[in-house]
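Participant: Okay, here's what each chain looks like letter by letter:
Protein chains: 6
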Amino acid sequence: MIKLLLALHSFDRIPRAGFLLRGVTEPESLAAHSHALALLVCLVAPKCSPPVNVLDAARMALIHDLPEAMTMDIPMPVGGAAFRKAKTEEEIAIFGGIFNGQDGEWKDLFLKFQEGSCPEAALVRGLDKVQMMIKVLGYEREGRGRLEEFWQHKENFRDYGIPVVKELFDDIFRTAGRKRPPE
Amino acid sequence: MIKLLLALHSFDRIPRAGFLLRGVTEPESLAAHSHALALLVCLVAPKCSPPVNVLDAARMALIHDLPEAMTMDIPMPVGGAAFRKAKTEEEIAIFGGIFNGQDGEWKDLFLKFQEGSCPEAALVRGLDKVQMMIKVLGYEREGRGRLEEFWQHKENFRDYGIPVVKELFDDIFRTAGRKRPPE
Amino acid sequence: MIKLLLALHSFDRIPRAGFLLRGVTEPESLAAHSHALALLVCLVAPKCSPPVNVLDAARMALIHDLPEAMTMDIPMPVGGAAFRKAKTEEEIAIFGGIFNGQDGEWKDLFLKFQEGSCPEAALVRGLDKVQMMIKVLGYEREGRGRLEEFWQHKENFRDYGIPVVKELFDDIFRTAGRKRPPE
Amino acid sequence: MIKLLLALHSFDRIPRAGFLLRGVTEPESLAAHSHALALLVCLVAPKCSPPVNVLDAARMALIHDLPEAMTMDIPMPVGGAAFRKAKTEEEIAIFGGIFNGQDGEWKDLFLKFQEGSCPEAALVRGLDKVQMMIKVLGYEREGRGRLEEFWQHKENFRDYGIPVVKELFDDIFRTAGRKRPPE
Amino acid sequence: MIKLLLALHSFDRIPRAGFLLRGVTEPESLAAHSHALALLVCLVAPKCSPPVNVLDAARMALIHDLPEAMTMDIPMPVGGAAFRKAKTEEEIAIFGGIFNGQDGEWKDLFLKFQEGSCPEAALVRGLDKVQMMIKVLGYEREGRGRLEEFWQHKENFRDYGIPVVKELFDDIFRTAGRKRPPE
Amino acid sequence: MIKLLLALHSFDRIPRAGFLLRGVTEPESLAAHSHALALLVCLVAPKCSPPVNVLDAARMALIHDLPEAMTMDIPMPVGGAAFRKAKTEEEIAIFGGIFNGQDGEWKDLFLKFQEGSCPEAALVRGLDKVQMMIKVLGYEREGRGRLEEFWQHKENFRDYGIPVVKELFDDIFRTAGRKRPPE
Chain E
220 MIKLLLALHS FDRIPRAGFL LRGVTEPESL AAHSHALALL VCLVAPKCSP PVNVLDAARM
280 ALIHDLPEAM TMDIPMPVGG AAFRKAKTEE EIAIFGGIFN GQDGEWKDLF LKFQEGSCPE
340 AALVRGLDKV QMMIKVLGYE REGRGRLEEF WQHKENFRDY GIPVVKELFD DIFRTAGRKR
400 PPE
Chain W
220 MIKLLLALHS FDRIPRAGFL LRGVTEPESL AAHSHALALL VCLVAPKCSP PVNVLDAARM
280 ALIHDLPEAM TMDIPMPVGG AAFRKAKTEE EIAIFGGIFN GQDGEWKDLF LKFQEGSCPE
340 AALVRGLDKV QMMIKVLGYE REGRGRLEEF WQHKENFRDY GIPVVKELFD DIFRTAGRKR
400 PPE
Chain G
220 MIKLLLALHS FDRIPRAGFL LRGVTEPESL AAHSHALALL VCLVAPKCSP PVNVLDAARM
280 ALIHDLPEAM TMDIPMPVGG AAFRKAKTEE EIAIFGGIFN GQDGEWKDLF LKFQEGSCPE
340 AALVRGLDKV QMMIKVLGYE REGRGRLEEF WQHKENFRDY GIPVVKELFD DIFRTAGRKR
400 PPE
Chain H
220 MIKLLLALHS FDRIPRAGFL LRGVTEPESL AAHSHALALL VCLVAPKCSP PVNVLDAARM
280 ALIHDLPEAM TMDIPMPVGG AAFRKAKTEE EIAIFGGIFN GQDGEWKDLF LKFQEGSCPE
340 AALVRGLDKV QMMIKVLGYE REGRGRLEEF WQHKENFRDY GIPVVKELFD DIFRTAGRKR
400 PPE
Chain C
220 MIKLLLALHS FDRIPRAGFL LRGVTEPESL AAHSHALALL VCLVAPKCSP PVNVLDAARM
280 ALIHDLPEAM TMDIPMPVGG AAFRKAKTEE EIAIFGGIFN GQDGEWKDLF LKFQEGSCPE
340 AALVRGLDKV QMMIKVLGYE REGRGRLEEF WQHKENFRDY GIPVVKELFD DIFRTAGRKR
400 PPE
Chain Y
220 MIKLLLALHS FDRIPRAGFL LRGVTEPESL AAHSHALALL VCLVAPKCSP PVNVLDAARM
280 ALIHDLPEAM TMDIPMPVGG AAFRKAKTEE EIAIFGGIFN GQDGEWKDLF LKFQEGSCPE
340 AALVRGLDKV QMMIKVLGYE REGRGRLEEF WQHKENFRDY GIPVVKELFD DIFRTAGRKR
400 PPE
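From first to last, the protein sequence lines are chains E, W, G, H, C and Y.
Position one of the first sequence corresponds to residue 220 (the working numbering), numbered consecutively onward.
Position one of the second sequence corresponds to residue 220 (the working numbering), numbered consecutively onward.
Position one of the third sequence corresponds to residue 220 (the working numbering), numbered consecutively onward.
Position one of the fourth sequence corresponds to residue 220 (the working numbering), numbered consecutively onward.
Position one of the fifth sequence corresponds to residue 220 (the working numbering), numbered consecutively onward.
Position one of the sixth sequence corresponds to residue 220 (the working numbering), numbered consecutively onward.
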């Protein structure tokens with residue numbers, strides 16, 4: 220356990236690349252992003268219908284970026300399919316190394332998140348973008364960075380067919396005073 | 220929901236006071252601390268006997284410092300009993316404000332953590348110190364800060380009578396190559 | 220003396236909470252704030268009528284935030300009356316600890332500032348806000364942070380009935396191109 | 220030209236991952252690394268025998284990390300062969316995008332560096348590690364980070380059969396007061 | 220060589236003063252500036268007519284600010300002629316100290332740059348400002364700092380009679396959507 | 220007044236060059252240094268015999284580095300006599316510009332400090348080094364930077380023949396567990 224947490228010691232100093240590269244100074248770290256996402260998951264998951272396993276979703280949120288404690292954050296939408304695939308495989312291997320000796324359940328959760336197939340993974344993936352766009356809202360209010368691009372990139376508003384996620388994106392556009400671009 | 224997360228927008232830039240004040244540069248933020256603690260809780264809680272509610276413990280970890288998004292982190296062991304009591308009351312009020320409109324369960328969880336009575340709260344409080352001491356280990360290896368004091372302060376090793384927490388403290392001393400001070 | 224200054228060693232790394240929480244990156248430290256305030260006091264105090272003790276006012280400015288070297292900066296307007304009162308008592312105790320062994324005059328100056336009764340304390344308290352609002356002006360010109368709130372909060376423009384302070388607030392509004400809100 | 224430099228605008232804020240992850244605060248940026256490497260190349264290249272093209276080598280140094288302005292720095296020795304290969308292909312594509320419209324010679328230089336076949340590329344690759352280890356020396360003198368690992372990793376001292384590079388590694392070990400591990 | 224690079228170890232942490240003083244947080248370092256300038260020189264120099272020595276120009280770019288590793292960056296337009304002259308003499312002495320034991324050619328290049336007489340020096344001096352103004356463009360897009368002053372200061376657009384430099388300044392004004400002030 | 224403080228707006232972000240260049244991350248700013256010095260002056264000045272004007276000494280401390288808000292901090296012992304002289308003249312001119320419109324007394328105080336002749340100036344100059352060495356003590360305890368050089372440079376312990384300053388240097392050596400080098 221000690222070893223596992225020490226392996227993640229620098230996770231709180233790795234900047235979210237997408238924000239750093241767009242001029243946000245003192246940007247959110249991967250650890251802080253994972254915290255906000257896990258909290259959001261715990262708030263939203265109980266409202267899903269059909270119900271999802273809240274603890275599984277929360278745990279996915281807590282671990283979804285951990286391998287980047289070794290690779291650093293690689294920003295979207297960089298990279299072709301081949302690069303993305305190799306990166307995913309690399310991350311699965313790294314995750315396996317970090318969680319070596321822990322319950323196998325953790326590796327299953329990480330794999331499920333990577334595949335994005337189960338309802339919990341879909342929810343966490345949708346909320347991953349919700350958290351990001353709320354952060355964009357926060358930075359824009361503070362005059363930090365050049366973030367227009369985030370609003371143009373459709374992938375940032377993918378709701379995975381989950382109504383509560385869709386509503387959150389609607390709220391975000393409303394709060395920002397922006398019109399949601401047509402599908 | 221958007222409003223709640225925007226209220227916590229700066230949580231990722233508030234430094235852990237205890238580390239900052241002892242010369243750790245680029246110290247862990249409150250958000251990063253909460254992430255590491257929640258992860259640790261999810262790893263350790265299933266090993267508790269009698270069993271604890273893992274999701275409740277994880278949620279406590281995610282929210283336990285949130286009011287400090289308004290008050291900033293106030294380092295231990297500063298403050299007499301009166302100040303600590305007033306601070307706790309203030310934090311409960313702030314938490315209520317932030318989670319206004321959310322399920323009442325959240326306020327219950329926060330109160331239970333403050334009281335420290337239920338098994339989940341005791342676990343999270345014990346692991347709060349475990350996470351802190353692992354962080355100290357990590358900083359010491361990197362030559363960051365003057366952290367000797369952390370090892371002298373008994374409150375930093377309180378295990379709340381939970382065997383798995385006690386073992387973690389033993390491991391920490393072993394990893395540090397230090398002898399645990401006699402009770 | 221050495222011990223006293225070492226106790227304040229981290230004072231230059233404690234960020235002003237009000238600025239940090241509103242998205243100002245690399246915000247003023249408590250030490251820098253205290254420097255600017257002391258300088259402002261030395262410039263303004265000689266213009267007061269009836270005259271004030273300039274050295275006493277300058278010394279108050281230099282020490283008014285020192286206990287926060289232990290508690291970190293707790294931002295206004297957080298906290299109810301009970302919390303504020305407990306905080307003040309705590310700060311007086313901390314100050315006593317830091318200045319233990321120094322001339323008792325220093326503790327008197329700190330107490331007088333906390334009470335805010337004598338003319339010097341009133342002047343320093345008024346200029347504390349003047350300095351803060353000039354800093355807001357500076358940050359706004361540089362596009363740093365979301366500081367509108369500062370202009371709405373009446374307490375930020377309290378002049379304690381001192382004409383020279385009132386004039387400075389008038390100047391600040393003029394420089395900002397803003398209208399002063401009616402009393 | 221303007222577009223090209225604007226595309227690299229954030230290059231000066233991307234931290235060298237290997238240093239960040241080992242606890243070096245305020246680590247060298249990719250831009251600063253590239254500057255030091257280019258300077259080193261200009262100092263060393265004229266001493267090579269058989270002679271190398273100094274300008275080509277200098278230009279390779281200036282551009283060798285530019286695609287990481289998009290991907291961020293991915294630290295060694297992370298990643299299996301497949302990941303590294305995909306990353307290289309990605310970087311070549313990104314470089315092509317950035318230098319689109321510039322003389323084709325630049326893409327040739329970048330490819331040659333990636334292949335590492337020509338004498339200039341071998342020199343720059345060797346000096347890339349020389350510069351890194353001098354940086355390690357500098358950080359260790361300042362007590363910044365946990366860098367022991369750098370001295371254990373043989374790849375960090377690969378001289379590509381170039382005598383002047385080998386001598387520099389010898390000098391580095393001498394300056395550090397360390398013994399070079401046997402091949 | 221090792222000694223020379225260690226002497227420049229802090230060059231990557233010295234902020235460009237002109238940006239820092241105008242509220243740009245996390246500003247470009249001297250090392251990053253020198254990297255971008257050297258790259259720009261390598262891109263532009265081959266287009267000069269009559270031709271210039273590209274390698275000499277690149278080397279000038281790499282070293283032009285090195286003495287400021289000792290003196291820190293002193294911002295323009297501070298300082299009268301006497302101060303500037305004394306500063307230049309000081310920098311030449313410092314440069315001589317750093318490059319002591321290296322080929323005398325380096326000192327010649329540094330002197331030539333200081334004098335600004337040869338075509339390579341004129342090109343590097345012109346591009347020094349081009350790089351700076353592109354940086355201003357980048358910061359302005361990100362809402363960082365108060366940079367209007369840069370556009371008003373004619374010295375920032377001096378092209379030394381070199382057509383390709385003049386065109387770059389024209390491009391910069393075009394990209395910024397600004398009108399170039401009449402000579 | 221507003222204009223004067225706005226001119227000094229960046230004073231709190233200018234790092235003390237001597238610390239930055241020796242690897243101290245997040246070093247003291249000029250503003251923080253000036254605060255600590257002014258406080259130290261107020262604590263020590265009343266103990267001087269023959270008595271000094273405490274307010275004058277405090278004001279000198281508050282302003283002694285202000286022109287560096289324009290020039291940035293230039294570290295000692297860089298620079299020959301000619302450079303130092305030109306720098307002093309430049310700073311006097313800058314100070315005059317900043318304090319234009321203020322009571323002439325301020326310019327007198329600044330000149331007196333530069334000349335170092337009057338007892339107040341001697342005291343402030345001595346304590347300037349005392350504050351610096353206490354800072355060195357603090358950084359060394361925290362493992363920040365490579366500061367040995369500070370202890371070797373005799374100018375750092377010049378007491379200007381003032382007993383109370385001499386005693387402070389003695390205390391500093393005692394606290395550091397170092398022997399004072401023979402005169």
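One should not assume that every hint holds.
Because identical chains share one entry, a pair is satisfied inside a single copy or across any pair of copies.
Straight-line alpha carbon distances no greater than 30 Å define the calculated DSS-like cross-link-like pairs of lysine-lysine that follow [to be verified]:
id, residue 1, residue 2
1, 398, 326
2, 398, 304
3, 331, 398
4, 266, 222
5, 266, 304
6, 222, 398
7, 373, 222
8, 222, 385
Quick caveat, the hints were computed from the structure, so don't treat them as lab data.
Participant: Output the indices of the hints that this structure fails to meet, ascending.
Facilitator: Structure breaks hints 1, 2, 3, 5.
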